[in-house]
Amino acid sequence: MKKLLTLFLVVLLAKQGFAQIDPDLLRAPDRDSARIKLNMDAVYDRPFLQVAKLPVALGGYAEANYQYLGADGLTEGHQFQMRRFTLFVSSGIAKRIKFLSELEFEDGTKEINIEFASIDFEFNPLLNLRGGIVMNPIGAFNQNHDGPKWEFVDRPISATQMLPATWSNVGFGIFGKKYLKNWVYAYEAYLTNGFDETIIANSENRTFLPASKANRDRFEESFNGAPLLTGKVALRNTKIGELGLSYMGGIYNKFQDDGLVLDEKRRLNVFAIDFNTVLPKLNTFINVEWAWVNVDVPATYTEQFGSNQQGGFIDIVQPLIKRPLFGFERAVLNAAVRLEYVDWNKGKFSSTSGNISDHIYSVVPALSFRPTPQTVIRLNYRYNWQTDLLGNPAAKLAGFQFGVSTYF
Amino acid sequence: MKNKLMILLIITCLIGIGTSCEKTIPDAPADDEILDGPIEGLTPEQNRIFLNGDVAFNGDVFSSANGLGPMFVANSCGSCHAGDGKGHPFTTLTRFGQSDTLGNKFLLLGGPQLQNRAIPGFQPEKIPAGATFSNFTPPANTGLGFFEAISDASIMALADANDADGDGISGRPNWINITQYSQIRPGTIIRNGKYIGRFGKKASVYDLLQQTANAYSQDMGVNSTYEHYSTYDNQEIDPEISNQKVLDVVFYLKTLKAPIQRDQNNADVIAGKQVFLNISCGKCHTPQLQTGPSNIAALANKSFAPYTDFLLHDMGPALDDKYTEGTAMTPEWRTPALWGLGLSKNSQGGGYHLLHDGRAKTIDQAILTHGGEAEQSKNKFQQLPSNEKAKLIKFLESL
Numbered sequence: 001m002k003k004l005l006t007l008f009l010v011v012l013l014a015k016q017g018f019a020q021i022d023p024d025l026l027r028a029p030d031r032d033s034a035r036i037k038l039n040m041d042a043v044y045d046r047p048f049l050q051v052a053k054l055p056v057a058l059g060g061y062a063e064a065n066y067q068y069l070g071a072d073g074l075t076e077g078h079q080f081q082m083r084r085f086t087l088f089v090s091s092g093i094a095k096r097i098k099f100l101s102e103l104e105f106e107d108g109t110k111e112i113n114i115e116f117a118s119i120d121f122e123f124n125p126l127l128n129l130r131g132g133i134v135m136n137p138i139g140a141f142n143q144n145h146d147g148p149k150w151e152f153v154d155r156p157i158s159a160t161q162m163l164p165a166t167w168s169n170v171g172f173g174i175f176g177k178k179y180l181k182n183w184v185y186a187y188e189a190y191l192t193n194g195f196d197e198t199i200i201a202n203s204e205n206r207t208f209l210p211a212s213k214a215n216r217d218r219f220e221e222s223f224n225g226a227p228l229l230t231g232k233v234a235l236r237n238t239k240i241g242e243l244g245l246s247y248m249g250g251i252y253n254k255f256q257d258d259g260l261v262l263d264e265k266r267r268l269n270v271f272a273i274d275f276n277t278v279l280p281k282l283n284t285f286i287n288v289e290w291a292w293v294n295v296d297v298p299a300t301y302t303e304q305f306g307s308n309q310q311g312g313f314i315d316i317v318q319p320l321i322k323r324p325l326f327g328f329e330r331a332v333l334n335a336a337v338r339l340e341y342v343d344w345n346k347g348k349f350s351s352t353s354g355n356i357s358d359h360i361y362s363v364v365p366a367l368s369f370r371p372t373p374q375t376v377i378r379l380n381y382r383y384n385w386q387t388d389l390l391g392n393p394a395a396k397l398a399g400f401q402f403g404v405s406t407y408f
Numbered sequence: 001m002k003n004k005l006m007i008l009l010i011i012t013c014l015i016g017i018g019t020s021c022e023k024t025i026p027d028a029p030a031d032d033e034i035l036d037g038p039i040e041g042l043t044p045e046q047n048r049i050f051l052n053g054d055v056a057f058n059g060d061v062f063s064s065a066n067g068l069g070p071m072f073v074a075n076s077c078g079s080c081h082a083g084d085g086k087g088h089p090f091t092t093l094t095r096f097g098q099s100d101t102l103g104n105k106f107l108l109l110g111g112p113q114l115q116n117r118a119i120p121g122f123q124p125e126k127i128p129a130g131a132t133f134s135n136f137t138p139p140a141n142t143g144l145g146f147f148e149a150i151s152d153a154s155i156m157a158l159a160d161a162n163d164a165d166g167d168g169i170s171g172r173p174n175w176i177n178i179t180q181y182s183q184i185r186p187g188t189i190i191r192n193g194k195y196i197g198r199f200g201k202k203a204s205v206y207d208l209l210q211q212t213a214n215a216y217s218q219d220m221g222v223n224s225t226y227e228h229y230s231t232y233d234n235q236e237i238d239p240e241i242s243n244q245k246v247l248d249v250v251f252y253l254k255t256l257k258a259p260i261q262r263d264q265n266n267a268d269v270i271a272g273k274q275v276f277l278n279i280s281c282g283k284c285h286t287p288q289l290q291t292g293p294s295n296i297a298a299l300a301n302k303s304f305a306p307y308t309d310f311l312l313h314d315m316g317p318a319l320d321d322k323y324t325e326g327t328a329m330t331p332e333w334r335t336p337a338l339w340g341l342g343l344s345k346n347s348q349g350g351g352y353h354l355l356h357d358g359r360a361k362t363i364d365q366a367i368l369t370h371g372g373e374a375e376q377s378k379n380k381f382q383q384l385p386s387n388e389k390a391k392l393i394k395f396l397e398s399l
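Read top to bottom, the protein sequences are chains Z and X. Oh and the first sequence: position 97 is 97 in my numbering, straight run, nothing missing. Oh and the second sequence: position 37 is 37 in my numbering, straight run, nothing missing.
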């Protein structure tokens with residue numbers, strides 16, 4: 001009984017102690033002091049809070065939304081979704097050694113992923129070593145994907161349904177930056193575990209890079225022993241904007257096992273270009289990403305799985321009102337639009353020489369209200385035209401989406 | 001003041017969106033513009049089974065992980081039958097090995113169907129030397145329950161094997177052997193131990209269970225307890241799909257609605273139908289039939305308009321691939337149903353791929369390829385004035 005009482009008192013006191021933490025003790029840890037931010041900095045360019053002298057800083061973001069979508073007259077009705085709840089933990093282990101991790105819960109607890117968990121060593125601004133679970137720097141969205149940063153409820157189709165955002169793997173790499181007046185030049189290069197054969201054997205019935213995300217073993221072992229190379233170069237000018245060129249490639253199939261040859265080595269190659277800028281005077285933010293995917297699909301397999309894919313998106317965000325609103329000092333109301341296109345199967349049927357379709361167009365006009373820069377309330381109207389492999393009349397999907405997202 | 005106005009605007013917007021949700025989604029296509037959907041009159045429990053079958057038919061995709069192949073033609077039902085309509089040449093299948101009524105001599109060499117694709121690391125099948133073959137474009141699967149529910153007696157009533165009426169048309173059933181798992185229909189007519197086939201281009205399949213189990217096995221390399229010999233090495237293997245799933249798909253196929261004719265009151269369509277009858281197309285493409293009893297009430301004793309007589313007809317040398325099935329001769333084909341013809345373009349990628357192998361790219365071409373028992377009708381078609389031809393085509397496109 002005494003023990004129980006003691007335990008109760010300890011818990012009660014501990015609770016009181018936490019409740020009385022002075023907010024002044026919560027402080028944002030030092031962030032990357034780079035003068036100009038790049039997409040590659042997104043992983044650390046997040047709000048963190050540190051309690052007193054605790055060696056770790058905490059952060060995260062949440063995304064919840066409502067949608068009413070329908071396709072060709074059929075609808076699933078009103079849907080409420082807890083899309084993401086993400087926790088960040090970072091730690092400055094020593095001067096120029098830091099650790100950051102990102103743990104994400106998607107759709108409640110349907111998917112739980114460690115999206116990032118890396119130790120960075122800075123030897124020189126031009127030479128940093130990173131090891132752990134890294135986000136492969138293909139395109140810009142994969143590295144810069146936090147919900148509160150975007151005016152749209154859904155992530156770009158090309159980024160999640162063609163490129164496999166968020167795509168992270170265990171590996172090592174180097175990165176660095178060089179500043180010259182108004183310019184910054186940067187590079188990243190990683191060797192990680194990679195894809196597997198599910199990219200051409202999946203329930204999506206198309207070449208689908210995100211299928212490999214389901215392979216949890218990739219954090220323990222490589223599917224085929226061949227590393228995936230991902231590299232990116234980026235440059236930014238304070239007046240012009242940021243341009244990124246990236247590549248990801250490697251062998252995806254199990255070509256041998258136990259010393260026995262199972263198949264020839266089959267590669268996949270992904271190229272991406274991304275660009276973002278803010279137009280002077282108008283303050284219009286423009287963000288573009290486009291990618292090309294090439295996969296060595298066996299000629300004797302089905303044409304359902306394409307060898308070539310391409311797609312991308314452009315976001316245009318126009319601030320309409322920038323002034324205190326409803327008591328929020330830095331409130332902004334934006335109008336935005338996203339245009340998207342993905343072709344999952346670029347090619348021609350061998351039987352008819354006709355074009356293979358399997359593509360989607362999408363337009364998403366949006367309104368977003370940011371009471372603070374780290375929080376967004378957004379209202380989207382989505383309209384998709386999706387054509388099947390054969391090029392039959394497009395299926396139309398449309399409807400409203402409403403969501404909130406914030407860092408915390 | 002500005003804030004109050006904005007709050008008012010936001011509330012008005014939210015109420016507007018909330019009350020008009022359904023108007024913001026794209027309209028459903030008209031029922032007569034699509035082929036999928038159930039027949040009218042299913043019970044709620046039948047609707048559930050229909051939906052299960054729909055998911056299996058249109059949603060299940062097979063890969064090496066869940067039974068595909070190793071050799072196959074397609075990896076899902078929907079790959080061949082987009083929107084439940086006619087298929088595209090990219091999933092055309094090839095049958096080989098039988099050139100007379102005595103059976104297929106190439107069964108031990110991979111017959112009767114070619115699996116022209118293979119999962120990575122395997123090689124697809126090739127047609128053995130000396131085997132004749134025919135290419136089959138996937139048919140539409142709508143209204144198949146009506147096909148199943150018509151009685152053998154009704155089919156026999158249309159037959160005229162010896163052309164007793166002297167019209168040059170001599171339809172006859174394809175008398176076939178059935179599988180061990182086929183469920184014999186009440187009123188089935190048996191002749192010399194053989195049964196009337198009604199499904200397939202050559203009418204070589206007895207029922208939808210055989211058609212479905214066979215498609216899983218021969219088209220996708222997915223074995224069931226019904227068809228349990230691998231197409232890869234002819235060995236008996238464990239089932240890769242449950243009986244329940246096969247039966248759900250059979251039920252789905254049975255209860256898919258019949259295509260609905262469009263523009264039925266259009267004067268040209270009405271005139272076109274008259275031309276169709278005048279040049280004797282309707283002698284094989286029988287406009288109206290009646291189902292018999294069925295354990296699915298919505299299919300029992302119903303009138304339907306398939307434009308087929310389920311009989312074999314000699315279609316002449318142009319359509320003789322020197323390959324056959326059952327007791328059909330090589331130039332004989334089961335009259336294909338014409339219902340849904342006008343919607344074929346919507347499932348074949350925007351263009352027609354007609355006749356058994358998709359060779360005809362227009363309805364006109366398909367008619368002109370007819371021969372044999374259809375020679376007279378073809379000649380009459382050729383002699384039609386262009387406006388009557390146009391009305392005939394318009395009628396066919398309304399189906």
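Hints are computed from structural coordinates only; laboratory data are not their basis. Computed from a prediction, not measured in an experiment: that's the story for all the values here. Each residue gets a CB set at the ideal place from its N, CA and C atoms; glycine is no exception. Among the hints, a few may not be true.
In silico DSS-like links for lysine-lysine, alpha-carbon gap of 25 Å or less [stated by the list, open to error]: (1) LYS4/X / LYS322/Z; (2) LYS257/X / LYS245/X; (3) LYS245/X / LYS348/Z.
Calculated Cβ distances over 10 Å to all of chain Z for the following chain X residues [claimed, not checked]: (4) ASN52; (5) SER63; (6) ALA129; (7) ASN192; (8) GLN235; (9) ILE363; (10) SER398.
**Report entry** Hints not upheld, ascending by number
**Finding:** 3, 5
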